[in-house]
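> Respectively, the protein sequence lines represent chains G and X.
So the first sequence is residues 37 to 392, counted in the working numbering.
So the second sequence is residues 155 to 397, counted in the working numbering.
Source of the hints: derived by calculation from the structure; they are not laboratory data.
Mixed in with the good hints there might be a few duds.
To be verified - 20 Å max Cα-Cα, derived EDC-like pairs, lysine to aspartate or glutamate:
(1) G:244 with X:316
(2) G:244 with G:258
(3) G:313 with G:284
(4) G:244 with X:382
(5) X:349 with X:316
(6) G:328 with X:185
(7) X:334 with X:298
(8) G:313 with G:287
(9) G:240 with X:298
(10) G:244 with X:209
(11) G:328 with G:279
(12) G:240 with X:382
(13) G:240 with X:379
(14) X:156 with G:241
(15) G:328 with G:381
(16) X:349 with X:396
(17) G:328 with G:287
(18) X:289 with X:233
(19) X:392 with X:316
(20) X:156 with X:209
(21) G:313 with G:279
(22) G:240 with X:233
(23) X:334 with X:316
(24) G:244 with X:388
(25) G:244 with G:134
(26) G:274 with G:327
(27) G:240 with X:190
(28) X:337 with X:388
(29) G:309 with G:327
(30) X:337 with X:161
(31) G:240 with X:396
(32) G:240 with X:184
(33) G:313 with G:339
(34) X:307 with X:233
(35) G:313 with G:230
(36) G:244 with X:396
(37) G:240 with X:185
(38) X:334 with X:233
(39) G:45 with X:316
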Amino acid sequence: MESNTLFMKNSEIFAEAMIRCGIRYHFAYPITPATDVMKYTAAHFHKVGGRMFQAESELAVINCLTGLAATGQLGCASTSGPGFDLMQEGIGFMTAAELPCILLDNMRVGPGDGDIIGSQQDYFMATRGGSHGDYYIPVYAPASGQEIVDLMPVAIDRAFTYRTPVLFVMDGVMAQMIETVDFTPAKETVSSYDTGEWSYTGAKDRGKRALITGSYAHSDGEQMVKKLMAKAEAMTAKEQLWEEYELEDAEVVVCAFGLPGRVCREIVQERRKQGEKIGFIRPITLFPFPEKVFAGLPGSVREILVVEMNYGQMVQDVRLAVNGRCNVSHYGHVGGDQPMIKAREVRNRLAALVPA
Amino acid sequence: MKTFREEKNFSWCPGCGHGIVARLCAELIEENNLRDRTCCVVGIGCGGFHHHYMEIDALEAAHGRSIPVATGYKLGLPDNFVYTLQGDGDCASIGLAELMHAANRGTPITVIMVNNGVFGMTGGQMSPETLISQKTPTCPFGRDAKLHGNPLKVSEMMQEMDGVAYLARLSVATPTLVRKAKKGLAQAFKAQEEKLGFSFVEILSPCPTGWNMKVVDSYQRLAKEVAEILPVKEFINKVGGES
Chain G
37 MESNTLFMKN SEIFAEAMIR CGIRYHFAYP ITPATDVMKY TAAHFHKVGG
87 RMFQAESELA VINCLTGLAA TGQLGCASTS GPGFDLMQEG IGFMTAAELP
137 CILLDNMRVG PGDGDIIGSQ QDYFMATRGG SHGDYYIPVY APASGQEIVD
187 LMPVAIDRAF TYRTPVLFVM DGVMAQMIET VDFTPAKETV SSYDTGEWSY
237 TGAKDRGKRA LITGSYAHSD GEQMVKKLMA KAEAMTAKEQ LWEEYELEDA
287 EVVVCAFGLP GRVCREIVQE RRKQGEKIGF IRPITLFPFP EKVFAGLPGS
337 VREILVVEMN YGQMVQDVRL AVNGRCNVSH YGHVGGDQPM IKAREVRNRL
387 AALVPA
Chain X
155 MKTFREEKNF SWCPGCGHGI VARLCAELIE ENNLRDRTCC VVGIGCGGFH
205 HHYMEIDALE AAHGRSIPVA TGYKLGLPDN FVYTLQGDGD CASIGLAELM
255 HAANRGTPIT VIMVNNGVFG MTGGQMSPET LISQKTPTCP FGRDAKLHGN
305 PLKVSEMMQE MDGVAYLARL SVATPTLVRK AKKGLAQAFK AQEEKLGFSF
355 VEILSPCPTG WNMKVVDSYQ RLAKEVAEIL PVKEFINKVG GES
């Protein structure tokens with residue numbers, strides 16, 4: 037595609053951003069609401085010498101991605117809830133093996149088969165990991181098509197810099213929204229990263245390299261975990277991203293990520309015009325959680341209302357970040373005919389918290 | 155030999171067939187000048203030790219996932235030589251789905267399944283390949299077809315798949331069979347190098363420790379009892395060479 041400004045579905049925007057940034061391999065298995073990504077890459081990757089590989093299961097998807105990453109090339113896998121479940125062992129494995137990749141989870145309702153309509157119920161799985169062991173990976177939660185494009189080169193950089201899987205999460209509603217987007221920020225950067233120092237391309241003119249995540253001495257496992265924890269610490273120090281609005285004199289702060297963040301921001305803007313002292317925080321990285329913005333909140337804040345399309349997941353990170361300095365309450369909604377959080381309900385909660 | 159680390163002590167038990175298979179792989183890698191561009195993907199279990207004695211790049215995959223890892227690797231580096239080395243637990247139990255689909259797709263990789271009929275590393279438990287009436291810690295009264303099914307004939311399952319370029323069941327039971335195994339393995343390697351499709355060799359191998367047998371007895375059992383149920387046979391050879 038020639039034009040930089042396009043009107044596309046957000047799942048397709050994700051795929052097009054990958055292509056423009058230089059990702060050439062996409063592994064996937066059909067699953068709603070993430071199939072649009074693989075449909076797009078199947079139709080377009082071959083034009084740039086790449087390939088969409090439809091594997092027989094999400095187990096195969098994440099392990100094919102592992103093999104590709106071992107060659108030093110950056111690939112991607114996209115999925116939704118149940119498929120993301122199946123990939124967890126592989127994601128933990130890739131983290132232990134220090135293999136970079138880009139992942140996308142278009143979140144749907146669960147647990148079980150759940151519902152194909154959108155949710156934000158994979159927050160815990162995304163930020164805590166579903167694999168065994170101690171590990172964290174960077175998690176980006178864009179709230180618009182434009183933010184997907186803006187974050188793609190950042191995510192690619194962090195994947196190579198920290199040698200880690202990097203995860204994008206979108207709720208299934210946002211995944212299927214169509215938006216206008218400017219692709220100018222999606223510059224080709226993948227080829228600028230040199231992976232020759234660690235990739236497993238054959239023992240030519242060098243000694244053998246072996247990818248081992250298991251322990252042959254009990255000290256191996258400990259060393260591996262210490263290395264991963266050092267990376268997580270560095271990410272926590274350097275990589276927190278968030279959007280904030282009108283926090284200086286706020287008494288009540290609304291906090292939401294992804295698409296509910298957009299809804300809540302509008303409500304907060306609306307209430308501000310009425311003179312109510314309400315501020316807004318939208319975490320963009322879910323790991324590392326943007327605890328810095330919570331640490332810097334003014335003393336005027338007495339209540340934080342966390343709004344999510346789940347029954348209370350990110351709210352736990354907010355509580356940890358404020359550590360009892362103010363009240364934290366939650367409004368969550370999942371599924372039904374209208375999966376989105378209801379603006380009226382957010383307004384009602386705010387009215388109760390900020391008496392006129 | 156540059157590929158084989160003859161100075162290293164084996165982790166495998168005395169009499170184990172894995173060492174023979176590793177030696178054969180190393181000889182073929184050397185003879186075909188493949189070392190510089192070879193990657194071996196090993197499974198979990200005793201097969202995982204395979205690369206320890208080899209001077210080649212290696213990936214230790216998660217349990218049962220060597221084949222998709224090799225598939226992704228081959229996609230990224232189509233001119234490299236990639237083979238998996240898995241036990242029957244890794245390949246025929248937890249990794250069976252991946253094996254069937256890679257075979258059917260004709261993915262140009264070589265899969266070596268060392269079949270000793272038990273989960274060796276965890277202590278000789280029943281695998282899909284355990285013979286009827288064979289006793290293991292998880293079928294202490296012997297494998298019963300009504301309870302556990304019959305030994306899975308993995309090689310036979312792939313006979314009708316067009317994507318398979320080489321398919322054989324081999325054995326290390328006797329010196330003659332070892333020489334035959336090397337020829338079959340050579341054809342499997344060639345199938346990949348000539349981009350003819352998927353190649354698979356099942357190599358029958360003894361596990362004296364897991365079978366609770368003396369080494370000599372285990373080789374005799376392999377040559378007779380095991381081969382009666384799982385005969386040494388070449389099923390598909392699109393390479394056309396001698397085997």
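> So, for every hint listed, does it hold in this structure?
Okay, the hints, checked on the actual structure:
1. In summary, the hint linking residue 244 of chain G to residue 316 of chain X is not supported, as the alpha carbons are separated by about 35 Å, beyond the 20 Å threshold.
2. Pair hint residue 244 of chain G plus residue 258 of chain G does not hold up; C-alpha atoms about 23 Å apart against a cutoff of 20 Å.
3. Pair hint residue 313 of chain G plus residue 284 of chain G holds up; C-alpha atoms about 9 Å apart against a cutoff of 20 Å.
4. At roughly 40 Å between alpha-carbon atoms, residue 244 of chain G and residue 382 of chain X are farther apart than 20 Å, so this suggested pair is violated.
5. At most 20 Å may separate the alpha-carbon atoms for a hinted pair to count; residue 349 of chain X and residue 316 of chain X meet this at roughly 14 Å.
6. In summary, the hint linking residue 328 of chain G to residue 185 of chain X is not supported, as the alpha carbons are separated by about 60 Å, beyond the 20 Å threshold.
7. Taking the CA atoms of residue 334 of chain X and residue 298 of chain X, the gap is about 33 Å. The hint is violated against a cut of 20 Å.
8. A C-alpha spacing of about 6 Å is found between residue 313 of chain G and residue 287 of chain G, which places the hinted pair at or below 20 Å, so the restraint holds.
9. For the hint pairing residue 240 of chain G with residue 298 of chain X, the CA-to-CA distance comes to about 50 Å; that exceeds 20 Å, so the pair is violated.
10. Distance hint between residue 244 of chain G and residue 209 of chain X is fulfilled; the C-alpha atoms sit about 6 Å from each other, no more than 20 Å.
11. Pair hint residue 328 of chain G plus residue 279 of chain G holds up; C-alpha atoms about 12 Å apart against a cutoff of 20 Å.
12. Between residue 240 of chain G and residue 382 of chain X the CA atoms are separated by roughly 44 Å; this puts the pair beyond 20 Å, and the hint is violated.
13. Restraint check: the Cα-Cα separation between residue 240 of chain G and residue 379 of chain X comes to about 44 Å, which exceeds 20 Å; the hinted pair is violated.
14. Note on residue 156 of chain X and residue 241 of chain G: the hinted pairing holds, with a Cα-Cα distance of about 13 Å set against a maximum of 20 Å.
15. Of the supplied pair hints, the one linking residue 328 of chain G and residue 381 of chain G is violated, its CA atoms being roughly 29 Å apart against a limit of 20 Å.
16. A hinted pair counts as satisfied when its Cα atoms are at most 20 Å apart, and residue 349 of chain X with residue 396 of chain X qualifies at roughly 18 Å.
17. Distance restraint check for residue 328 of chain G and residue 287 of chain G: the Cα-Cα separation of roughly 18 Å lies within the 20 Å cut-off, and the hinted pair is therefore satisfied.
18. Between residue 289 of chain X and residue 233 of chain X, the direct Cα distance comes to roughly 45 Å. Violation of the 20 Å bound is thereby established for this hinted pair.
19. As the CA atoms of residue 392 of chain X and residue 316 of chain X are separated by approximately 11 Å, the hinted pair is consistent with the 20 Å bound.
20. In summary, the hint linking residue 156 of chain X to residue 209 of chain X is supported, as the alpha carbons are separated by about 7 Å, within the 20 Å threshold.
21. In summary, the hint linking residue 313 of chain G to residue 279 of chain G is supported, as the alpha carbons are separated by about 18 Å, within the 20 Å threshold.
22. At most 20 Å may separate the alpha-carbon atoms for a hinted pair to count; residue 240 of chain G and residue 233 of chain X meet this at roughly 14 Å.
23. Between residue 334 of chain X and residue 316 of chain X, the direct Cα distance comes to roughly 25 Å. Violation of the 20 Å bound is thereby established for this hinted pair.
24. The suggested pairing of residue 244 of chain G with residue 388 of chain X is violated, with an alpha-carbon distance near 33 Å, which exceeds 20 Å.
25. Straight-line distance between C-alpha atoms of residue 244 of chain G and residue 134 of chain G comes to about 17 Å, which keeps the hinted pair within the 20 Å bound.
26. This hinted pair checks out: residue 274 of chain G and residue 327 of chain G have alpha carbons roughly 12 Å apart, not beyond 20 Å.
27. Proximity of residue 240 of chain G to residue 190 of chain X is assessed by CA-CA distance (about 4 Å); at most 20 Å being required, the pair is judged to hold.
28. A threshold of 20 Å between alpha carbons decides the hint, and for residue 337 of chain X with residue 388 of chain X the separation of about 11 Å falls inside it, so the pair holds.
29. For the hint pairing residue 309 of chain G with residue 327 of chain G, the CA-to-CA distance comes to about 28 Å; that exceeds 20 Å, so the pair is violated.
30. As the CA atoms of residue 337 of chain X and residue 161 of chain X are separated by approximately 26 Å, the hinted pair breaks the 20 Å bound.
31. A threshold of 20 Å between alpha carbons decides the hint, and for residue 240 of chain G with residue 396 of chain X the separation of about 30 Å lies outside it, so the pair is violated.
32. About 13 Å separates the Cα atoms of residue 240 of chain G and residue 184 of chain X, which keeps this hinted pair within 20 Å; it holds.
33. About 11 Å separates the Cα atoms of residue 313 of chain G and residue 339 of chain G, which keeps this hinted pair within 20 Å; it holds.
34. With a C-alpha separation of about 31 Å, the suggested pairing of residue 307 of chain X with residue 233 of chain X is violated against the 20 Å cut-off.
35. Distance restraint check for residue 313 of chain G and residue 230 of chain G: the Cα-Cα separation of roughly 50 Å exceeds the 20 Å cut-off, and the hinted pair is therefore not satisfied.
36. Taking the CA atoms of residue 244 of chain G and residue 396 of chain X, the gap is about 32 Å. The hint is violated against a cut of 20 Å.
37. For the suggested pair residue 240 of chain G and residue 185 of chain X, the alpha carbons sit about 16 Å apart, so the restraint of at most 20 Å is met.
38. Restraint check: the Cα-Cα separation between residue 334 of chain X and residue 233 of chain X comes to about 27 Å, which exceeds 20 Å; the hinted pair is violated.
39. The straight-line distance between the Cα atoms of residue 45 of chain G and residue 316 of chain X is roughly 39 Å, outside the 20 Å bound, and the hint therefore fails.
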